[in-house]
Amino acid sequence: MTDAPDGQLGPTAVRAAGRRRTPKPPPGPADVDPGAEVLVDVALPHLDRPFEYTVPEPMSVAAVPGARVRVRFAGQDLDGWVVARKAVAEHTGRLAPLRR
3 MTDAPDGQLG
13 PTAVRAAGRR
23 RTPKPPPGPA
33 DVDPGAEVLV
43 DVALPHLDRP
53 FEYTVPEPMS
63 VAAVPGARVR
73 VRFAGQDLDG
83 WVVARKAVAE
93 HTGRLAPLRR
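For the sequence shown, our numbering assigns the number 3 to the initial residue and increments by one for each residue that follows.
Derived from the structure by calculation, the hints contain no laboratory data.
We put the CB at the ideal spot given by N, CA and C, even for glycine.
Be aware that one or more of the hints could be misleading.
Claimed, not checked - In the EDC-like style, the derived pairs of lysine to aspartate or glutamate whose C-alpha atoms are separated by at most 16 Å in a straight line are: (1) 88 with 33; (2) 88 with 50; (3) 26 with 59; (4) 88 with 43; (5) 88 with 39.
Unchecked claim - Across the chosen pairs, the derived CB separations fall in these ranges: (6) 21 with 70: 32 to 42 Å; (7) 47 with 22: 37 to 47 Å; (8) 93 with 22: 18 to 28 Å; (9) 35 with 72: 35 to 45 Å; (10) 77 with 28: 37 to 47 Å.
Please build the complete structure, drawing on both the sequences and the hints.
In structure tokens form, the structure reads like this:
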């Protein structure tokens with residue numbers, strides 16, 4: 003593991019350890035019906051309505067109405083259920099993606 007006989011790391015070991023991986027870009031939205039209405043599992047009655055999320059392309063087949071998903075909601079990953087898929091979202095801002 004060491005390059006030098008005295009047990010210290012040589013320049014190649016330091017260089018290799020200093021490399022950072024470039025993060026992969028997140029997958030794009032699904033080609034067909036890229037939006038989803040999700041009922042998030044929260045106990046507050048005033049939040050008992052569907053919220054809109056983007057369906058990532060890798061989840062396009064699995065994210066059908068009735069499917070259980072994970073979503074980011076109020077800074078937490080929570081469970082939710084897909085109620086419907088939509089071609090166009092009602093929300094005009096940026097939508098968070100489904101997590102799994």
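Results of checking the hints against the structure:
no., hint, verdict
1, 88 with 33, "11 Å, holds"
2, 88 with 50, "19 Å, violated"
3, 26 with 59, "15 Å, holds"
4, 88 with 43, "20 Å, violated"
5, 88 with 39, "8 Å, holds"
6, 21 with 70: 32 to 42 Å, "38 Å, holds"
7, 47 with 22: 37 to 47 Å, "46 Å, holds"
8, 93 with 22: 18 to 28 Å, "35 Å, violated"
9, 35 with 72: 35 to 45 Å, "19 Å, violated"
10, 77 with 28: 37 to 47 Å, "19 Å, violated"
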